[in-house]
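Reading the sequence shown from the start, the letters are residues 3 to 244 in my numbering.
Honestly, the hints are just simulated from the structure, not real lab data. Warning: the hint list may mix true and false statements.
[Unchecked claim] Within a straight-line C-alpha distance of at most 20 Å, the following computed SDA-like cross-link-like pairs (lysine to any residue) qualify:
hint: 1; residue 1: K187; residue 2: L109
hint: 2; residue 1: K187; residue 2: A237
hint: 3; residue 1: K187; residue 2: A234
hint: 4; residue 1: K53; residue 2: L109
hint: 5; residue 1: K238; residue 2: E205
hint: 6; residue 1: K194; residue 2: V221
hint: 7; residue 1: K53; residue 2: R100
hint: 8; residue 1: K238; residue 2: R220
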Amino acid sequence: MSNVRDDKVTNAVVQINTGMANVFLIRGGAGYILVDTGNPGKEDLVLEQLKEHGVAPDDIRLILITHGHVDHFGSAAALRELTSAPVAIHTLDGDAMRQGIHQPDSLKPTGKLMAFLRRIPALQNKVVPEAAPACEPDVVFEEEWRLDDYGIAGRVLLTPGHTPGSVSLLLDGGEAVVGDVVMGKLMGLIRKPGPPLVAWDLERNWQSLRRLLALSPRVVYVGHGGPFDDLAALAKLGTARG
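Whole structure, please, built from the sequences with the hints as guidance.
Structural data, given as structure tokens:
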């Protein structure tokens, strides 16, 4: 399974490693958006990376959250204040962000690593904090939709499984940003693509992966580690697991 580029940049997607989870700058012909925001307190790091790529805070037109886990929306409230961009999340995960907690139905471990972390709460909380500043979403949606109004040629896809309201972004150019539908690397412990550490419904997750791969993305960006361009291996992962 190959990494696409060492600098984690394609023409349309910049992957920002915040230490735990990835944040993505999406560059369109007429605008910029962010996908996810990392753990709480990552806003300065994200803005620093935007500056390195010539993007000012007020250039951001939307903050799209892939799902209701703290390591993905933790800095949403702060980044909204700093960029004035609206924050969007699927309705089924919206309450988690409103309350600043993990989506409560989506914390079932899928393997031994999370079961191990659960036995050491201090370590688990260091990896993913239990809470974040609450953030009332500006855009709450139920259906798939396009992002042309925000200057981005692409669409938001419903990819439930990791959480009930998990979504992915598929750009017209073939780049996909899939949140935790697939797990790449976490703390150096996982180095190849595999299942998310926790899931609301793992079988639904693999159904979402298979549906997404049927749309033939050329690059798949994930919330932890990656990106990946060996779609055959990803397809095998989804088939083997479900």
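Results for each hint:
1. K187 / L109: Distance of about 19 Å is within 20 Å: holds.
2. K187 / A237: Roughly 18 Å between the alpha carbons, so the hint for K187 and A237 holds.
3. K187 / A234: Cα-Cα ~19 Å, so holds.
4. K53 / L109: violated (35 Å)
5. K238 / E205: Given that 20 Å is the threshold and the Cα spacing comes to 14 Å, the pair holds.
6. K194 / V221: holds (15 Å)
7. K53 / R100: violated (29 Å)
8. K238 / R220: holds (16 Å)
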